[in-house]
Structure formats: structure tokens, C-alpha cells
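**Student:** Here the protein sequences come in this chain order: V, U and R. Letter by letter, the first sequence follows residues 66 to 352 of the working numbering. Letter by letter, the second sequence follows residues 788 to 1178 of the working numbering. Letter by letter, the third sequence follows residues 2 to 337 of the working numbering.
No false leads were slipped in.
These stretches of chain U come out as covered by chain R in the derived footprint (C-beta under 8 Å, 3 or more residues):
#1 853-863
#2 886-893
#3 952-961
Here are the simulated lysine to aspartate or glutamate pairs, EDC-like style, with alpha carbons at most 20 Å apart:
#4 U:K1001 to V:E68
#5 V:K153 to R:D202
#6 R:K121 to V:D343
#7 U:K919 to R:D145
#8 U:K1082 to U:E1152
#9 U:K1046 to U:D1083
#10 U:K947 to U:D1003
#11 U:K1137 to U:E1174
#12 U:K845 to U:D1075
#13 U:K919 to R:D168
#14 U:K903 to U:E878
#15 U:K814 to R:D41
#16 U:K1137 to U:D1114
#17 V:K153 to R:E313
#18 U:K968 to U:D1175
#19 U:K1137 to U:E1178
#20 U:K1156 to U:D1083
#21 U:K1027 to V:D195
#22 U:K1027 to V:E188
#23 U:K879 to R:D168
#24 U:K814 to R:D293
#25 U:K903 to R:D168
#26 U:K968 to U:E939
#27 U:K1173 to U:E1136
#28 U:K1046 to V:E188
#29 U:K879 to R:D41
#30 U:K1173 to R:D145
Simulated from the structure, these hints should not be mistaken for lab results. Glycine residues also receive a C-beta, built at the ideal position from the N, C-alpha and C atoms.
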Amino acid sequence: MSEFTIVLDGIAYGMVLFIISVGLTVTMGLMRVVNLAHGSFAMIGGYVAAVAVGAGVPFIAAAFGAALVAGLTGALAEVLVYRPLYRKGELAQALMTFGFTFVVIAALTAIFGTSIKTLPLPEYMSGLVDIGFRMYPAYRLFLIAFGLALALALWLGIDRSLYGARLRTAVDNPRMAGAVGINVNRLFQLTFAGGCALAGLGGVVGSALLPLEPYYALRYLVLFLVVVGVGGVGNFKGSFVAAISLGVIDTVAKYFLPSAAAYLFYGAVLALLLWRPDGLMPARSAQ
Amino acid sequence: MHTLVQGIRILFVLMLAVGPAAADTVKVGVIMSSSGPFARWGEQFRQAIEVFQKQNGKTVSGHTIEVIYRDDGGPNPVRAKQLAEELILREKVQFLGGFVFTPNALAVADLVTEAKMPTVIFNAATGLITRKSPYFVRTSHTIPQAARPIGEWAVKNDIKRVVTAVSDYAPGHDAEVYFSKAFKAGGGQVMESIRIPLATTDFSPFFERILQQKPDAVFVFGPGGPPTVGLINTWASRLKPAGIKFLGTAETQQIDLPKIGRSALGLVTSFHYTETVDNPLNKALWADLVQMFGKDTVPDLASVGAYDGMRVIYRAVEKFGPRVTGDQAIGLWRGMQFNSPRGPFRIDEKTRDVVENIYLRRVEERDGKLVNVNFQTFPMVKDPWKEDNPE
Amino acid sequence: MNPERSRATRSPPAEKPHAAGWGHLLPWTAALAFYFLGADFLGLGTNALIMVLFALSLDLVLGYAGIITMGHAAFFGFGAYAAGLCAIHVTNDPVTGLLIATAAAGILGFVTGTLILHTKGVTLMMLTLAIGALVAEVANHLRDYTGGDDGLHGIRMAPLLGAFRFDLWGHTAYLYTLAVLLAWFALAWRIMRSPFGRSLDGIRQNVRRMRAIGTPVWWRMVAVYSLGAAMAGTAGALSAQTTRAVGLTALELLASGTVLMVLILGGTRRLYGAFAGAVVYVVVQDFAAQVDPFRWMFVIGALLMAVVLFLENGLMGIIDFAAARARSLWREQTPR
Chain V
66 MSEFTIVLDG
76 IAYGMVLFII
86 SVGLTVTMGL
96 MRVVNLAHGS
106 FAMIGGYVAA
116 VAVGAGVPFI
126 AAAFGAALVA
136 GLTGALAEVL
146 VYRPLYRKGE
156 LAQALMTFGF
166 TFVVIAALTA
176 IFGTSIKTLP
186 LPEYMSGLVD
196 IGFRMYPAYR
206 LFLIAFGLAL
216 ALALWLGIDR
226 SLYGARLRTA
236 VDNPRMAGAV
246 GINVNRLFQL
256 TFAGGCALAG
266 LGGVVGSALL
276 PLEPYYALRY
286 LVLFLVVVGV
296 GGVGNFKGSF
306 VAAISLGVID
316 TVAKYFLPSA
326 AAYLFYGAVL
336 ALLLWRPDGL
346 MPARSAQ
Chain U
788 MHTLVQGIRI
798 LFVLMLAVGP
808 AAADTVKVGV
818 IMSSSGPFAR
828 WGEQFRQAIE
838 VFQKQNGKTV
848 SGHTIEVIYR
858 DDGGPNPVRA
868 KQLAEELILR
878 EKVQFLGGFV
888 FTPNALAVAD
898 LVTEAKMPTV
908 IFNAATGLIT
918 RKSPYFVRTS
928 HTIPQAARPI
938 GEWAVKNDIK
948 RVVTAVSDYA
958 PGHDAEVYFS
968 KAFKAGGGQV
978 MESIRIPLAT
988 TDFSPFFERI
998 LQQKPDAVFV
1008 FGPGGPPTVG
1018 LINTWASRLK
1028 PAGIKFLGTA
1038 ETQQIDLPKI
1048 GRSALGLVTS
1058 FHYTETVDNP
1068 LNKALWADLV
1078 QMFGKDTVPD
1088 LASVGAYDGM
1098 RVIYRAVEKF
1108 GPRVTGDQAI
1118 GLWRGMQFNS
1128 PRGPFRIDEK
1138 TRDVVENIYL
1148 RRVEERDGKL
1158 VNVNFQTFPM
1168 VKDPWKEDNP
1178 E
Chain R
2 MNPERSRATR
12 SPPAEKPHAA
22 GWGHLLPWTA
32 ALAFYFLGAD
42 FLGLGTNALI
52 MVLFALSLDL
62 VLGYAGIITM
72 GHAAFFGFGA
82 YAAGLCAIHV
92 TNDPVTGLLI
102 ATAAAGILGF
112 VTGTLILHTK
122 GVTLMMLTLA
132 IGALVAEVAN
142 HLRDYTGGDD
152 GLHGIRMAPL
162 LGAFRFDLWG
172 HTAYLYTLAV
182 LLAWFALAWR
192 IMRSPFGRSL
202 DGIRQNVRRM
212 RAIGTPVWWR
222 MVAVYSLGAA
232 MAGTAGALSA
242 QTTRAVGLTA
252 LELLASGTVL
262 MVLILGGTRR
272 LYGAFAGAVV
282 YVVVQDFAAQ
292 VDPFRWMFVI
302 GALLMAVVLF
312 LENGLMGIID
322 FAAARARSLW
332 REQTPR
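Please construct the entire structure, taking both the sequences and the accompanying hints into account.
**Tutor:** Here it is in C-alpha cells:
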């Protein structure tokens, strides 16, 4: 039954990737900004929660508080950093967001120091749970449940609501959306802040799998970008499928062929992208 | 502005030099990582150096010892060599020190030889480094030096079957080889040697694989830094319940223990420095670190490497004065011994590498704090790599 | 798409021929003058020149052909390892090693280019990134050859052209690097002003139109990608030969990111943008790291953001502005 455990592990890992990346796919699809700063928001969330938990705030409260801080930082950054970028080319966007990431890293290092930051899990998450055939870490079950709940909430919020309809319109055709009276700027800001808040949340709940450190924002950026690219820019369902697939591929590869795992992960990315250049589930505008 | 100050300083020094009581400034260039993901190393170096200078004074027989810090930003041989050039040519340093990473130390080897620059490696731990320049000495340890003793110990203590799981990079490979060699020599069986990709942060698939093989213990060499916490927690949740013991080297450093938490209790590791070693130098080092840099500051291998590195440099200035040459310094350092916070310390006469105790320690709780506590000492261990690879 | 966005992808105004003459003289004179004036900093200078060449190679790929790559360091690192291994196992003649490394990186560029260049945008970016990661992993695994994480060391170079020893002060290294840079620059300058270069401009701006007029778009892209790879390989080889060591960092994503930053900072599609960006980046990094090694990232980050916000064409924007001012002053003072 170990194989089943491995798949569970892979799904849990994929959920973390999904929670953090989903905001990136929406912002890259919606605002068409090459956003290299997304990891910063996850990092901000993680650090804020680490401080809060250290001060005695319960884990879940700290997680949502951190998401709020990350979201507000995102809203502010949207005005100060991203808005001037909409009219500029992809290169300026890459440079600006890269610079922003550097500033965030330097600032967080200055405030919190250079050592490792950990978020101790609450008692009820750090134990083991009997899942029928063996004992399994409660934390990973929590990740899977949390990721599924989030995916469901997003599905209802984006595929089944007026806000979602507007958002999809704006992603697929921003000019038309503006023409039919959607305030695209407000939509941008709200969505961006939401994406950043999700990243912050992911940074907190995923901190046992993607540990917090001064270089977090750069080190894991690749993973988030890969999820977005493989899933299809602008499609959160694509990100879900891509994150889970890559999480499972990576974990299974490590289990069966530990030494070749690094090749297999990037090999899979290469193969998937060559097979489906627009991602597994391209947004309509990308076609 | 900087050059002006420098000019005035040089003038000042020259004026003093012609006077009867000549006092010089001896410059020590320290190349370390103080930005980027490994910034902690630079911080630990600098703090230990400042403690050393507080305890021993900033002057040696009237000559000021000035430490010039340079940041290499991580494993980056190109930058390390450029910084070493600048320190030697422009700053006219008399000693080089530092070097967190092996590639950076190797990159300056030829330069150091050409410039006859006495160079003290505070950390970089690949066996062959000191071979690469006759002007290198080392005050840290080598990976084989730390990994072999725990292999010898394990096989004598009811551990007969082991899986090794090391990070897939050069230091990990060395640890795997030297642990396995000692373990097999004692009659143990290495069931599998797993190499974990360096970027890994989720260790569960590897530990699941190990769980299937039911060894007595797993020998781990982690990538260091943040993933260590996940590494040990994953062991605690997957392998510990099945009774599979954890053997390691640098995974349970004091600086990381509070972050790892109680999962670390009972872990057995072998290393050259244990923070609870009972000697006055070690207590003073820790006390001064806390006094100068806050209550959470703790000494680790970086601190002790830099601290003893400074001791070595001070000794050379004491003996030969401010105009000490590379050959004089190296001549003095060969065979030098003194007491270090880690315990007795010697620089090998022939290989210029460190000879020191390797301690087997276990993580315990003392006064509500997790610490490593020694339970066995392998006295004055030499680097096994050099024995296996004679010149 | 947003019509305003195309503004940034427009070509800069063609330089007037007489201005270009003077424009050429300045950077090269400065580089040569540095040799005499900055004797204590030749190591830094050499690394800056290598960075210029590396950024220049990216300008061909990204600036001219519009291929956004996050894996360009693969070619730099491949060239570095090729040159290092060549020096250790084959011949330690620097020029031979340089040519071999250049060819090797060019071939890698050709092979990977044919594989991925039918894609575009984020997909292409991810593909270059994945290839970069794979190459880095190979270098880490082949420890017997590359030294893995310990780095490749023990490189000893023969005197350049049999006459000039690589000295401790870095005199030979600096001039050697400068000469190689000049040669590549001249070639790149010619190529980018040839019909081939113009067709790249067209491809970047409107692929469909170029296809319609019968340009073999894909082949052109592969050609310029290989050319950029070869040039990056030369830069890597120079780094290996002058440092006498290579580390895995040469291949890492951060190296790809850094060169991207340097080029955009300086200004793309100018060739000289690479000069401005590399020199400013290397100097600022060196200076900030000395003043406060713990916070240099803040300085660099703020600099990058300021450039995007205030300078449309990167640092070259300042030079354009200064040149325009100078010209108008000149005109005012010259009676017609």
C-alpha cells in the first residue's frame, strides 16, 4: 500500500503548489504581466504568520491574518508597482517585478534576520492519523482537504458567479470587457489582491513542505511559474491539474528512481510543454 | 572619500613606522557569504571574530589587527577569486581567511600560492582543499572526518543494516562513501545508497522507500539550512514509529534545534563541535556571543572555525610581527596545537589540515532547551580522505 | 491586444551615421583607459567585460529576435565547462579552448533551439528554464568530470599566443577579454545590420507578415539562437580561463536571471545597452556589497525598479538624452 501513500504525498505537495500558484495564473492571464514577484507574497505571508504564531496566535487565525497582510501588500503593490507596468513591454515587467522581489527579500531579511523561520504546526496537525491501512501525517490530510475546498470555492467563485463571469470576460478580452461597462481596473486590483492573499495563505500552510527562508521568493518561483506554464496561463483549473500532476510525478519519481528524480521532473515539464505548448488547459485568449 | 581616508591612514601608518615604537596595522581579508541564501554563515563568522577580538584585544604587541570583510554571495568561484585578488593586490592584506564553500576555496588556490598568502579556511570541508595550495590551513573539519566515526560506532551498537540517504552533491557523496566504508568494515550491510536531489524540500518519498526496506537505521546527510527541519520532521513522522534510527553529522546544530523542535530528541550525530562541550573557552564563547549579539545567539561550526582561525592568525603576528611572510606563518602553523572551544585542536604537520576530536552526540532536553550532548569521543581524528588518497 | 503595449516593442530610432562613429569611440576608449587607470581593479574589470559579452549574446536572442529566455546561463556554463575541461584534458592553449567552447555552446544552442523554438511566450520561457535546469543537473551529476558541487578546478592556461602569461595582476586577462569582446561585437554589429538582422526585427514585430513574404522564420530563429548561444559560450570560456575555476552557479537560474536583468537594465536592441547594464550592475553590486553586504539586494532591487519607472529605454535612455542635448547645444552654437 506504500504506493497509495506516495500518491497521497504527491497530491498534498501538489495542493501546496496549487494554492500558491493559482493567484499567479490569474494575474498573468488577466493582467498579462510577466510577474516574477509572486513568490514574494507567499513569503510575506509565511513570515507574518511565523511571527504571529511565535507570539501565541493560533495557527489558523495566523494563516488568515497573514493572507490578509499579503493581500493588502498585493493591493498596494498593484497600484505602485504593477499599474505603471501595464503599458510597458514584457521585459520592463520582468525587470520591475524582479527588482521588487529583491527589495522584498532584503526588507524581510533586514527585519527578521538570516536564520531559518519555521511555523510550528498546531498539535492537531502535527500528529498521525489512522487512515485504515497505516498511520499518516494529519498535516498532509489537512493540505489535501484545504486544497480541495479552495478549488471548489474558486470554481464556484469564478465559474458560477457574476464576478467570475466578469473576470473571465476580462481575461479573454479586456477591451471588450471595458466596452460592456466592466471596470477592468477595479477588477484587476481586486483579483490581484486576492491572488496575493492566496499566495500568502499557501506560504503559510505549505511552510512545512516549502520551508521559509530569505531566498524563498526566488528559490520556489520556478515551481510556481512551471505550474502556470504547464497548466495554461489564465486558467485556474489548468493550474489545479498541473499542480497535482507535477506534485504526483515529482513524488512518484523520487520514490521509484531517487537519483534520476531531478531529471524526471524537468523532463516531464519539457515533454508536457512540447506536447501542449499552450498548457494543459489554455485560456481562450491564448489560442 | 574612501580613498582619502585610506590615504590618510596609510600616511599615518608610514609616519608611525619610521618612529621608534613601530606599530603597524595587519590586515586580514575574510571572504564569506553575507548575502543571499547563505547569509547566516557570514553573520556567524563575523560575530565569532568580534568575540575573539573582544577577548584577545584588537592589537597584538601593539599592532592593530584589522579585519576586512568581503561578500561572495554563496558558492561562486569567480567572485571569490576576484575578491581574493582585490584583497591581496589593493588592500594589501597579510592573511586571507573565511571560505564557506569548497569551490570558492579551490578557486583561490593558485592565486594564494602565487602570492604566498597564508590562508586559513574557516569552513569549506572537502578533503582535497589543503592539497591544492601549500599556503592553506584549515580550522574546520572535513566531511569524511565527521562521517567515518559514526559508521564505526553504529555497527558496534546493534545497527547491522543501514540505508544511506545523502543530498546529491559532492559533500553528500563524500559522506556516503566514508560512512559506508567504516560501516561495512565493521561487518554492517548497506542495503541501498539513495541520493536525494539537492532542491528537495519534501523528503517523504525517500523515507517511504526506506520504510519498505526496514533497515535498522538511516544515515542521512542533508543539504543544510532550511530543508533540515523538514528532513528531521519527516523522519520523525515516518521512520521513527517503525523503529528506524537516525544517524547524521551536521543535521542537529544548536542553531537549528529550536526550529526543528522535539522531533529531534534522541537523534545521534557525529561532529567536531558540540555546543555543550564542557570547557572554559567554549563557555566564554557562548556567553560573549549572547552578551554582544542577543540571547538567541548560539555558537556553531562556523563560529568555532572563525574563532580558531583568528587564533591561528594572532599567533603568527605574535611570533613574527606585522611583516610576517607566508612561509613563516605556514612554518609556524604546521604542527601547532592549542585549546579550542571545541576541545583540543592541532594542525597536522604534514597535511596542514585540522586534527581534532570527533564527538558522538545525542539530542537531549536540558532546562527546557534542546541541546546536543556528547556520549562518546573519538580522540584526535585525522582526515581519512588523505589516508586513502596519498600524494 | 492592448495597442499601447506595442510602443515598447518598437525599434529605437535609427542612429545617424556620423553620431554612430563617435558613439563607437567612447566605450572602447573607456575600456582601454580603464586598463591603465584601474590597475587595482582589473579583476573586477575583466568580470565586467565578460558580463558585457554575456549580456550582448542575450541581446541577440532576446532584444533582436524577441525570444524571452530564462535559461541563457546554460550556454554560458556549458562554454565555461567546455573550456575548463579542454584546458585540463586536451590543450591549455587559450585561443583553441575558446574556439572549442564557442562551438560546443553553439551546437547546444542549435540542438535545443530546434527543439523548442516553435513555441512562444510563457511556454518558451518555461522550456528554456527546464533545459537550463537539466543542464545544471547533468553538471552536478558528472562529478568525475566537472567536480560537481566542488567546482571544476586545476585549470592551468598556457601563455596567450605563446607569449603573454596570465599574470597575478590580471593584465593579460583583461586585454584578452577586451579583444575577444571587440571581435564578437564587430561581428554582431555587422550581422544585426545585415538583411538577416533586419529580418529578425520583422519577425519580432510581426511573424505572420514575415511568413507571408517568404522568410524562413523558424530557421532564422534557430540561427540567431545558436549564434547567441555560441557567444554566451565564449563568455563562459573567458570566465573559466581567467578565473581558472568553474562553479555550478554559472549554470543556475539566478545566473540566467542576472544576465536578463543586466541587459534590460542597460537597454535592449542597442548592443551598447549590454555595456551600460553590465558595468553599472557589476560596479553597484561590488560597491554595495562592500559597504553593506547584508543589504546590497535592496540597492540593486531599487535600482531596477527606478530604471523601469523613469527610463523608457534602460540606462541607454540617459545616454540618448545626453546625446540629444549635446547635439542640440552643438547646433545652437554652430552658425549655419
